[in-house]
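Each chain, written out:
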Amino acid sequence: MSDYVSPVGQGIPRLETRDKITGKAVYADDMSRPDMLFGVIVPSPHAHARIAGYDVSAALALDGVVAVVTGEDIGDHKIGPFIKDETALAVGKVRYMGEPVAAVAAVDLETAKQAARLIDIAYEELPAVFDTDAAMAEDAPVLHENSGDYIKVFEADSDGNAMAIIEIVEGDVASAWENCAAIVEGSYETQAQCHSYMEPCSALAEIDSNGKITIWSSNQSVFHVQAFTADALGIPMSKVRCVTPQVGGAFGGKMEQTVQPAAAALARATGRPVKVTLTREQDFEMIRARHPGKVWMKTGAAADGTLLAREVRIVLDAGAYADDSPGVAGIAALFCRGPYRIENVSIESRPIYTNKLRSGAFRGFGGPQVAIAGETQIDEIADRLGLDPIDVRLKNAVRPGEEWMIGVALNKAGLSECLNRVRAASGWDEKRKAAPNGSGRRRGIGVACIPHISGVLTSGAIVRILEDGTAVLNTGAVDNGQGSDTVLVQICAAALGLDVDRVSVATPDTDGSPYNWGTTASRVTYMAGRAVVAASEDAVNQLKQRAAIMMECAEEDLELRDGGRIGIKGVPEAEVGFRDISGFSHWVAGGPVIGTNSLAYDGPDFDPKRGFLRGFPFGKIGAWIFAAQAVEVELDEATGRITPLKIWSAHDIGKAINPTAVEGQIQGGIVQGLGYALCEEMVWDSGRLANPSFMDYKIPGIADVPPQIETILVEDPDEDGPFGAKGIGEPPIVGIAPAISNAVAHAAGIRLRRLPMTPERVLRTLKE
Amino acid sequence: MEFHGPSTVEEAVSLLASDEEARCLAGGATLVAMMNADLVMPSALVSLRHIEELRGIFTDSGGGLRVGAMTTHREVAEADGLAGAHALLSDTARAIGHPAIRNMGTVGGSIGHGDPQADYPGALAALDAAVEVRGPDGTRPVAAEDFFVDYLETALLPGELIAAVTLPPPPAGAFGAYEKFARVEGDYATVSVAAVVAMEDGRCSYARVALGSCGPTPVRAEAAEDRLTGSALDDADIAEAAAILREECDPVDDVRGSGEYRMMLVEPLLGRALRAAAAKGGAR
Ligand SMILES: Cc1cc2nc3c(=O)[nH]c(=O)nc-3n(C[C@H](O)[C@H](O)[C@H](O)COP(=O)(O)OP(=O)(O)OC[C@H]3O[C@@H](n4cnc5c(N)ncnc54)[C@H](O)[C@@H]3O)c2cc1C
Numbered sequence: 010m011s012d013y014v015s016p017v018g019q020g021i022p023r024l025e026t027r028d029k030i031t032g033k034a035v036y037a038d039d040m041s042r043p044d045m046l047f048g049v050i051v052p053s054p055h056a057h058a059r060i061a062g063y064d065v066s067a068a069l070a071l072d073g074v075v076a077v078v079t080g081e082d083i084g085d086h087k088i089g090p091f092i093k094d095e096t097a098l099a100v101g102k103v104r105y106m107g108e109p110v111a112a113v114a115a116v117d118l119e120t121a122k123q124a125a126r127l128i129d130i131a132y133e134e135l136p137a138v139f140d141t142d143a144a145m146a147e148d149a150p151v152l153h154e155n156s157g158d159y160i161k162v163f164e165a166d167s168d169g170n171a172m173a174i175i176e177i178v179e180g181d182v183a184s185a186w187e188n189c190a191a192i193v194e195g196s197y198e199t200q201a202q203c204h205s206y207m208e209p210c211s212a213l214a215e216i217d218s219n220g221k222i223t224i225w226s227s228n229q230s231v232f233h234v235q236a237f238t239a240d241a242l243g244i245p246m247s248k249v250r251c252v253t254p255q256v257g258g259a260f261g262g263k264m265e266q267t268v269q270p271a272a273a274a275l276a277r278a279t280g281r282p283v284k285v286t287l288t289r290e291q292d293f294e295m296i297r298a299r300h301p302g303k304v305w306m307k308t309g310a311a312a313d314g315t316l317l318a319r320e321v322r323i324v325l326d327a328g329a330y331a332d333d334s335p336g337v338a339g340i341a342a343l344f345c346r347g348p349y350r351i352e353n354v355s356i357e358s359r360p361i362y363t364n365k366l367r368s369g370a371f372r373g374f375g376g377p378q379v380a381i382a383g384e385t386q387i388d389e390i391a392d393r394l395g396l397d398p399i400d401v402r403l404k405n406a407v408r409p410g411e412e413w414m415i416g417v418a419l420n421k422a423g424l425s426e427c428l429n430r431v432r433a434a435s436g437w438d439e440k441r442k443a444a445p446n447g448s449g450r451r452r453g454i455g456v457a458c459i460p461h462i463s464g465v466l467t468s469g470a471i472v473r474i475l476e477d478g479t480a481v482l483n484t485g486a487v488d489n490g491q492g493s494d495t496v497l498v499q500i501c502a503a504a505l506g507l508d509v510d511r512v513s514v515a516t517p518d519t520d521g522s523p524y525n526w527g528t529t530a531s532r533v534t535y536m537a538g539r540a541v542v543a544a545s546e547d548a549v550n551q552l553k554q555r556a557a558i559m560m561e562c563a564e565e566d567l568e569l570r571d572g573g574r575i576g577i578k579g580v581p582e583a584e585v586g587f588r589d590i591s592g593f594s595h596w597v598a599g600g601p602v603i604g605t606n607s608l609a610y611d612g613p614d615f616d617p618k619r620g621f622l623r624g625f626p627f628g629k630i631g632a633w634i635f636a637a638q639a640v641e642v643e644l645d646e647a648t649g650r651i652t653p654l655k656i657w658s659a660h661d662i663g664k665a666i667n668p669t670a671v672e673g674q675i676q677g678g679i680v681q682g683l684g685y686a687l688c689e690e691m692v693w694d695s696g697r698l699a700n701p702s703f704m705d706y707k708i709p710g711i712a713d714v715p716p717q718i719e720t721i722l723v724e725d726p727d728e729d730g731p732f733g734a735k736g737i738g739e740p741p742i743v744g745i746a747p748a749i750s751n752a753v754a755h756a757a758g759i760r761l762r763r764l765p766m767t768p769e770r771v772l773r774t775l776k777e
Numbered sequence: 266m267e268f269h270g271p272s273t274v275e276e277a278v279s280l281l282a283s284d285e286e287a288r289c290l291a292g293g294a295t296l297v298a299m300m301n302a303d304l305v306m307p308s309a310l311v312s313l314r315h316i317e318e319l320r321g322i323f324t325d326s327g328g329g330l331r332v333g334a335m336t337t338h339r340e341v342a343e344a345d346g347l348a349g350a351h352a353l354l355s356d357t358a359r360a361i362g363h364p365a366i367r368n369m370g371t372v373g374g375s376i377g378h379g380d381p382q383a384d385y386p387g388a389l390a391a392l393d394a395a396v397e398v399r400g401p402d403g404t405r406p407v408a409a410e411d412f413f414v415d416y417l418e419t420a421l422l423p424g425e426l427i428a429a430v431t432l433p434p435p436p437a438g439a440f441g442a443y444e445k446f447a448r449v450e451g452d453y454a455t456v457s458v459a460a461v462v463a464m465e466d467g468r469c470s471y472a473r474v475a476l477g478s479c480g481p482t483p484v485r486a487e488a489a490e491d492r493l494t495g496s497a498l499d500d501a502d503i504a505e506a507a508a509i510l511r512e513e514c515d516p517v518d519d520v521r522g523s524g525e526y527r528m529m530l531v532e533p534l535l536g537r538a539l540r541a542a543a544a545k546g547g548a549r
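Quick note, the sequences are listed as chains X and G, same order.
What the first sequence shows, in my numbering, is residues 10 to 777, in sequence order.
What the second sequence shows, in my numbering, is residues 266 to 549, in sequence order.
Errors might be hidden in some of the hints.
[As the list claims (entries may be wrong)] With a straight-line Cα cutoff of 16 Å, these simulated EDC-like cross-link-like pairs (lysine to aspartate or glutamate) come out: (1) X:Lys776 - G:Glu532; (2) X:Lys618 - X:Asp181; (3) X:Lys221 - X:Glu412; (4) X:Lys618 - X:Glu179; (5) X:Lys122 - G:Asp303; (6) X:Lys307 - X:Glu357; (7) X:Lys221 - X:Asp240; (8) X:Lys776 - G:Asp303; (9) X:Lys102 - X:Glu134.
In case anyone wonders, no lab produced these hints; they're calculated from the structure.
Construct the entire structure; sequences and hints are all you get.
This is the structure in structure tokens:
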């Protein structure tokens, strides 16, 4: 009857693609406002110092300079998502080199840059600590002397520079070791990774006569921008409106404050619009990175490969401010057991303050730091017991209906299917059997499994039916380039029975959008998607209610029909289109149709009877997603270079709303994972970042990526997810490093425990 | 800052000679990036773009090659029909950066910057090239080995510019190979080896080798070349030649690798370059 095809499951191109490839897309730095000034931020030249005084007179005297603001002007208004421990511009002390200390606004960028150099700040240097061992030493200088006074949004013990101590204990590890036929133990070190989003941080702020500040910025949540800017300036949230133009990537790096508070402070000081855009170098030095990690882990198994116990001590280098560190440390603790049934676990995780750039959210969120330890230990156990690494994983893989630690029920878990699919697609059994070829260039294949979540915190959606029966969707969820606008429109259109081009998507705007916690935690498709389905259903119910008046029948007798119609069940010819219903509701009776939904993640709770949990900074968390990845590598024994030859990546995603976008997420995550595994590393020389440019900090280019990445979508619909969907954003990055490490062990019998696995480190390990 | 676009070398030279702070602008890939990073602030830029005689690749009647300073990496990479070992220049150009960089960057800019991590310097040293320098006092040829003086320092005097690089006729029966080892595709070399080799009856009859990124200038060692000449390029020959070359190396520790690692790479990369060059002769 109708040739309508549901948009769900269609790999349609992203809505904004044409604008992006033709250069029409507008990013924050492309914007200009009448009378706009240019802002430049002055970074701290010291890693740890007391601020003894400011002299801004020379800067202010420069022609074209309109205002200078310092921490003294803004005041000691502390911000932070978990621990309120920092200010938009340093107050009293600086704690890392590159920390924003002052900001200047001038009529053009050149003048602002020149003025920034003229701002004279007197410092008294303090002893500094640059790694977690030094920071945890008995007599280490303490970065935050008054940390006891800080506001924390969660409960955890702290200890000197350890801002939080997170513990998870289940079963009895100590007595479990006795029953193990194989025990492996090791220390693992991971590096700081730069988010390397294409668009450096940028914000444009303007103030109206009532003191209300509007901020256009590159971010992952307009609501976070609103909250931290209001906090930072000490003004009510009703005085801050946040909007998002296109975003050129974020990966966690734009989850919390970047330059928005400084731009807002300058707008307030000057009364004029001010744009602040960082250079790449400043972005490297000022914003945030992935936590360097030091993980000690011990795992034991019975002779048949059943995993019996795991003990883990995680230390994350948080840098100078807490930012998302408690969250990352908590998730690292929650994920480090790996996606396996292990009855006895004892886990401790500590984020530590050091005098370096803050560490924060980054795709994987604590997962990558522990995966290299956990997933290589599974292989070592398999090796000891003479078992196949995939067999050991299958034996222990969590299954539907089981529980995660602390009694969190898993309703769905597609891990075994992911492993089986990767095994078949990669020719695993053949390749594992193949005797490693002689010296020179050796080949090997390795695997790794990944657990993650996609349900956490809150989202909302508003679906309005326009006068002509088309719709506009508003979720407040920022599309960072991963394609969430497209996917949410597909979900909305499918729930309304419309085509995608009949649904418009609203730009996130704190004045008009419903709250969305953030584009983070692989959660937008699942969380915002659920809100979109429910808001669309609400709109459909309202349409039915209006249609019932029009057709003089009972609402219960009505059904939604494809193509935007409501009809009487069993009477094909009795129907009205959305256009007529909407006209009626706008001009006659019922009122405009506005479907809404508001949602907090409502999955199963922790069960305190199951184990001991302390310091964990999230409430309910779930909608678990699983993955298995295999990588085949070639190892050049003469130079130590590892070349990935082919990658297979299977993901338990529930349902692919847009298979092309899902594959894009998987491929992109894998490339970022290759960088993390093989070449990306931020290096500090004492407090100074030694490689703050893409000349010195190297991400993989197209020629470094294997020509074949095979993505495998395992679709077993989640009963709560929108059309059965779960998340995909983060898992693809996580398994690459351990799978490569395992492949190298297969090829050459060496164990690499430090990332990145640069040719130099590999060659040294080979020669040991 | 002033900007000049002269159309003759003489004009360019007189502009450079009249202002010590003036700089030649070739492709701008390096210079403009350095200006953006506030590392250099020239008082004037003398663009060489409109000087016709600085462009192009020419073979003279005797078999020598002249590559104009403003010839882009891409033009060199795509030059076909370069005789024997001269083709090493194309192999080297293909190894530089990314397509965008190869479209912008020039031979003159690459060697004028004097960066020992760049790709051309080693290749030019292995090819016995000379740099044709033009200045207020006319033209002077400088052997490639003498041209690179120190880290980011060349033999150019104030007012001088690079007009071309010239190669003598290719050594009979010799072929070149360029081995570049970098962290990722398109990065500067951690270590590079340029080799020119001729083989006769399974024995090496001619060898020139230069290392890049192993010291402040390209590294050559005649003793190493002597050690290889007459040998069958066996593992032991290569190991000994590498040991001699390592004596001449003075590599730095940086984000591309430690000096020690660079030393570890010399032998395997030398072997690969020599054998690749020798194989080209065999294939003929
Ligand atoms: C991202 C990136 C990657 C790169 N990767 C590589 C690589 O892998 N290998 C490699 O070898 N290089 C690499 N380069 C450098 C590249 O080859 C540059 O183009 C080259 O070094 C400079 O050439 P240019 O023509 O752009 O010179 P410019 O940038 O215009 O000039 C560079 C310097 O040379 C001087 N100069 C230019 N022409 C002359 C002349 N005729 N006489 C005297 N002085 C002159 C200028 O005054 C300036 O000091 C890379 C550059 C970039 C930006």
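We went through each hint and held it up to the structure:
1. X:Lys776 - G:Glu532: 15 Å, holds
2. X:Lys618 - X:Asp181: 14 Å, holds
3. X:Lys221 - X:Glu412: Distance ~48 Å between Lys221 of chain X and Glu412 of chain X Cα, so the pair is violated.
4. X:Lys618 - X:Glu179: 10 Å, holds
5. X:Lys122 - G:Asp303: Given that 16 Å is the threshold and the Cα spacing comes to 11 Å, the pair holds.
6. X:Lys307 - X:Glu357: 13 Å, holds
7. X:Lys221 - X:Asp240: 14 Å, holds
8. X:Lys776 - G:Asp303: 43 Å, violated
9. X:Lys102 - X:Glu134: The hint holds at about 10 Å.
Checked against the numbered hints above, the structure violates hints 3, 8; every other hint is satisfied.
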